[in-house]
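**Q** Use the sequences and the hints to build the structure in full.
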Amino acid sequence: MIKYTINMQQKRRGSEKVGIFSKLFKDNADILTSPAAGRTIDISEVPDPTFAEGILGQGIAIIPSGDTVYSPCDGTIDLMFDTGHAVNLISDKGAEILIHIGLETVSLKGRHFRTFMNTGDKVKKGEKLIEFDRQAIADEGFNTVIPVVICNSDAYDDIRPETGKDVMPGDPIITLKEPK
Amino acid sequence: MKTFDYTVKDELGIHARPAGLLVKQIAGVRSNVTIAVKAKGTSADAKRLMAVMKMAVKQGDVVTVTIDGEDEDTIAPQIEQFFKDNF
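Chains as they are written, first to last, in my numbering: chain A, 1 to 180; chain B, 181 to 267.
Treat the hints with caution; some may be incorrect.
Unchecked claim - Across the chosen pairs, the derived CB separations fall in these ranges:
#1 D74/A x G221/B: 25 to 31 Å
#2 T254/B x S65/A: 47 to 53 Å
#3 E260/B x D92/A: 36 to 42 Å
#4 D139/A x D185/B: 40 to 46 Å
Hints were generated in silico from the structure; no laboratory data involved.
Backbone N, C-alpha and C define an ideal beta-carbon position, used for all residues, glycine too.
**A** What follows is the structure, encoded as C-alpha cells:
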C-alpha cells in the first residue's frame, strides 16, 4: 500500500522525469520494453478489477494499434497459454511478467490468436510471441487493451511505468528497481 | 497437515484471474499451501502466482490442496470454501 502511494505521487510529478529516473536506475534495474505498438496507460485505468486493483501485481497497459506481441525482454517463456490470449515470461534478471491480450479473452478459447513460441522456449527481446486479430476481437465485443503485469512485484523496491506515451515495440515502458 | 481434493467445475479452469484471486486469498496465511494435480504430476506453491498459472488447471482436474502450518485448522475450511465458490 505504501509502495502504491509513492507511485501515485511520482506519477503526479509528470512523465518527463520518468525517463531521467529510468537512467539513474540503469545499474540495478530491469527495463522492459513494449510488447506492442500503441499507447501506454496506467494499469488502474484498465476496466477490469483483476488488473486495475493489482490482484495480479503492478504493471502497465497498452492500448494496441498493431496486431503482434513481441518479447519485452531476454528471457524464457514460462507459460504460453494454450488459448494464445496470454503469455508468462521470466526475464533473465528474474522479473515474472504476464502479458494478457484483451480482457476476458480467455473465453475466445484460442480464436483470433496465433502463437509463435512455446512454453520453455528461450527468447530475445523483440522476438515475435503472438499475433492477434485485433479487429475481430473488438468486433466480438472484447476490449483489446494489453495489461503487462509484474507477478513478483514484491521483489522490487520500485516499479515505474511510463504511462501516457505512444510506443513502438522495443520502446522502454517499465523500470523495475531491485533492492540494493 | 490438512488436505482436501476438489474437482474443478469452471469450464475455463484456473487461468490468470482465478489464479490471482487464489494467491491473494492465501497471501497472509502462515501455513504452507500447495496445490497438486496428481493425474498430471504437477504441483505448485499456492502463494506463487506464476507457478499456479503454469499448472494450467482445467475443468475436471482433481486438485489436491495441502495446508501445513500453525493456522491450518482455521485456514483449511476457508480455502476449501473458496475453491467451491470460485472454481
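**Q** Give me the numbers of the hints this structure contradicts, sorted from smallest to largest.
**A** Result: no hint breaks.
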